[in-house]
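A.B. asks: Read off the chains here:
2 protein chains.
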Amino acid sequence: MKQIMIIGGDGFCGWPTALHLSSKGHDVTIVDNLSRRAIDEELGANSLTPIESIETRIAAWKEVSGRDIAFLKIDIAKDYTALEAAMASLRPDTIIHFGEQRAAPYSMKSPVEKCYTVDNNIGATHNLLCAVAGLGLDPHIIHLGTMGVYGYDDDGLEIPEGYLRVYIPGDDKTLFQRDILYPTNPGSVYHMTKSMDQLLFQFYAKNDRLRITDLHQGIVWGTQTEETRLDDRLVNRFDYDGDYGTVLNRFLMQAAMDHPLTVHGTGGQTRAFIHIQDTVRCLALAVENEQTDTGKVRIMNQMTETHTVRDLAQVVARVTGAAIANVANPRKEAAENGLRVSNQSFRALGLNPITLEDGLLAETNEIARRFAHRCNPEMIPCVSTWTDNQQPGVVRPVAATRSIAA
Amino acid sequence: MKQIMIIGGDGFCGWPTALHLSSKGHDVTIVDNLSRRAIDEELGANSLTPIESIETRIAAWKEVSGRDIAFLKIDIAKDYTALEAAMASLRPDTIIHFGEQRAAPYSMKSPVEKCYTVDNNIGATHNLLCAVAGLGLDPHIIHLGTMGVYGYDDDGLEIPEGYLRVYIPGDDKTLFQRDILYPTNPGSVYHMTKSMDQLLFQFYAKNDRLRITDLHQGIVWGTQTEETRLDDRLVNRFDYDGDYGTVLNRFLMQAAMDHPLTVHGTGGQTRAFIHIQDTVRCLALAVENEQTDTGKVRIMNQMTETHTVRDLAQVVARVTGAAIANVANPRKEAAENGLRVSNQSFRALGLNPITLEDGLLAETNEIARRFAHRCNPEMIPCVSTWTDNQQPGVVRPVAATRSIAA
Numbered sequence: 001m002k003q004i005m006i007i008g009g010d011g012f013c014g015w016p017t018a019l020h021l022s023s024k025g026h027d028v029t030i031v032d033n034l035s036r037r038a039i040d041e042e043l044g045a046n047s048l049t050p051i052e053s054i055e056t057r058i059a060a061w062k063e064v065s066g067r068d069i070a071f072l073k074i075d076i077a078k079d080y081t082a083l084e085a086a087m088a089s090l091r092p093d094t095i096i097h098f099g100e101q102r103a104a105p106y107s108m109k110s111p112v113e114k115c116y117t118v119d120n121n122i123g124a125t126h127n128l129l130c131a132v133a134g135l136g137l138d139p140h141i142i143h144l145g146t147m148g149v150y151g152y153d154d155d156g157l158e159i160p161e162g163y164l165r166v167y168i169p170g171d172d173k174t175l176f177q178r179d180i181l182y183p184t185n186p187g188s189v190y191h192m193t194k195s196m197d198q199l200l201f202q203f204y205a206k207n208d209r210l211r212i213t214d215l216h217q218g219i220v221w222g223t224q225t226e227e228t229r230l231d232d233r234l235v236n237r238f239d240y241d242g243d244y245g246t247v248l249n250r251f252l253m254q255a256a257m258d259h260p261l262t263v264h265g266t267g268g269q270t271r272a273f274i275h276i277q278d279t280v281r282c283l284a285l286a287v288e289n290e291q292t293d294t295g296k297v298r299i300m301n302q303m304t305e306t307h308t309v310r311d312l313a314q315v316v317a318r319v320t321g322a323a324i325a326n327v328a329n330p331r332k333e334a335a336e337n338g339l340r341v342s343n344q345s346f347r348a349l350g351l352n353p354i355t356l357e358d359g360l361l362a363e364t365n366e367i368a369r370r371f372a373h374r375c376n377p378e379m380i381p382c383v384s385t386w387t388d389n390q391q392p393g394v395v396r397p398v399a400a401t402r403s404i405a406a
Numbered sequence: 407m408k409q410i411m412i413i414g415g416d417g418f419c420g421w422p423t424a425l426h427l428s429s430k431g432h433d434v435t436i437v438d439n440l441s442r443r444a445i446d447e448e449l450g451a452n453s454l455t456p457i458e459s460i461e462t463r464i465a466a467w468k469e470v471s472g473r474d475i476a477f478l479k480i481d482i483a484k485d486y487t488a489l490e491a492a493m494a495s496l497r498p499d500t501i502i503h504f505g506e507q508r509a510a511p512y513s514m515k516s517p518v519e520k521c522y523t524v525d526n527n528i529g530a531t532h533n534l535l536c537a538v539a540g541l542g543l544d545p546h547i548i549h550l551g552t553m554g555v556y557g558y559d560d561d562g563l564e565i566p567e568g569y570l571r572v573y574i575p576g577d578d579k580t581l582f583q584r585d586i587l588y589p590t591n592p593g594s595v596y597h598m599t600k601s602m603d604q605l606l607f608q609f610y611a612k613n614d615r616l617r618i619t620d621l622h623q624g625i626v627w628g629t630q631t632e633e634t635r636l637d638d639r640l641v642n643r644f645d646y647d648g649d650y651g652t653v654l655n656r657f658l659m660q661a662a663m664d665h666p667l668t669v670h671g672t673g674g675q676t677r678a679f680i681h682i683q684d685t686v687r688c689l690a691l692a693v694e695n696e697q698t699d700t701g702k703v704r705i706m707n708q709m710t711e712t713h714t715v716r717d718l719a720q721v722v723a724r725v726t727g728a729a730i731a732n733v734a735n736p737r738k739e740a741a742e743n744g745l746r747v748s749n750q751s752f753r754a755l756g757l758n759p760i761t762l763e764d765g766l767l768a769e770t771n772e773i774a775r776r777f778a779h780r781c782n783p784e785m786i787p788c789v790s791t792w793t794d795n796q797q798p799g800v801v802r803p804v805a806a807t808r809s810i811a812a
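Chains U and Z, in that order, are what the protein sequence lines are. As numbered in the numbering used here, residues 1 to 406 make up the first sequence, in order. As numbered in the numbering used here, residues 407 to 812 make up the second sequence, in order.
Read the hints as simulated data drawn from the structure, not as lab findings. Ideal Cβ placement from N, Cα and C applies to all residues, glycine included. Be aware that one or more of the hints could be misleading.
Output of the computed footprint for chain Z on chain U, the stretches with three or more beta carbons under 8 angstroms from beta carbons of chain Z [to be verified]:
(1) 104-116
(2) 147-161
(3) 308-322
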């Protein structure tokens, strides 16, 4: 059993991961600055599900499972000394790093949020790596990255797991083969920070022989996992606001509130998805199958299926009976793109995913309808624009509704 | 004539650039936090040349040239508000960004300097870009990058100017042609921050249509330019300490102090060089030949010749009569590497460089010998090690001396 430090362990992915690893018998310490809760306050938003304080969560877990989870309130981006002291004392076998601002729309709101996202995310990642190297520790570091670093240029090629094989022409036109870090094309300040993280990992893996796994995750949907379902006080957060709510959550809330599903642009954007239950399974697989190579970062794509936003809306419309409306796209991105992604690493480790088709009805009933009375519908539209000359989600003529559904 | 903001305009490259652009009639405002002077204090080091305060420098320039240079003391990495206010008031046509911690050995000293380098360099670059985008300004932004982002993997191929043409195999083995940002392989935390800067530039050029030129500069040698020579109070700094002194400056000081030239390892490391006079000429060429494309960063290699460290030592030995000693290499790098670099862009703009052969004797007499009485020889060795298991510059048996020289 491993000593595991989970940075950002109070958040949407961090909390269920902490519970899952604790349930497997690992010694879990959560390090978190509770910034996600502070941002809720700042935005006047709230999780649809009534999440408890971290103290209550941990006490409830002890009651339910008999297991202890430790908690340290540290802002790792700002307090290097406290982070270093915690590491020196715990000497973790594994460090899981969720400690970054993770909403693309929030990262594009204004200079304040742009600068915060850069300072927080780069500072957190670098402090962590620098402290591990400085202390001479050898933990396996697992970072939650994003599929978004690859960008969504549609060239018809399958997106590999982090590294791209290319051929470079020499002076006499001979082609030299190289495996390079996939050239990034981030679409927001948030995604840009995750691209920059990759360079931090590359350097510290090379220079200090740190063992690093970077998980390029798709958009996470779903709320509950086997462990968070065990007690209402363990419930995971469900964000539906325009900043933190992912597209599927916002569709589900719109459906629960009898509002048309607002599709940005044509809805032709294809994205990769994964259920939160599979996220925690992937994290456990990454923990149990350590990166043993030094020198080169291990990168795995953590996603299970791809859908266009349009198709997603149609599935939700079919399950819930909601209408669909197309609105202007606040993001600067291609109207339509294909997406093919390799996820061979996790498949090979035995991941057997939950599909959207299978899990969506449960999510609708268990979360969106159950807690609909807590929803503030004014929070749902995305109002961050990517540049000044764009208009946030103005509702255009409502497209066909149930008849669209397949 | 242009309104030009020079961030880091009190530094080694910034100061002579400010004078050169002022002499050409541009309106120059220096923005600097004077951090380079503070780091001298911290290290107990000092410029060999007796540099004056920024106020005295500017007053002397007014006396000599009749021209005004403005100065604003702002820490752009920490004080976004002051930076934004300065930009809003000046509305510069051109912003030149030298405002980064620029010594690789300093960036590797300890966690304190590693974190400072990341916070300062990433914070400075991002704040600048974010403020320009937020204010809706359209200046030409010129950044001083480094050849070091390319790394020194010796594959025999010429290093292009920022972008690499590659071929990617598709499903049916058809090759797709792409021009990608050259995959970076930084060798220090400092170089890593410049690699990360590239992703910041890429994003803001794409998302906000900022016009950006990134100059990937070689190792700068030389001290004086046409303008700094006009008055002793205008003298440029000359660093010879193990942190900030470049290899050539340290050789020159060792020669002036009758100490053997300490070559790290075999001295087979090939690097790109440029004289400070050519640096300011390149900057003027970049200012006068604006980047007009938006969407893609213009990258130019700012270097004029390549040498191995061994050859460099031999040239200095020949000119000065010094001996040569090989010491352990504190850096984690290949013992020997070739280097071929394209510098077509500046050649095409008319750059006619000063060669090491031509300029070295003047540098020796004008600076190293003239100010040798100010030298503290204990500051010359490089004591930062790249990892814990390395030894800083322990002197190994002294190799042959003048007989080595070609």
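A.B. asks: To test your reading of the hints: which numbers does this structure violate?
C.D. replies: 3
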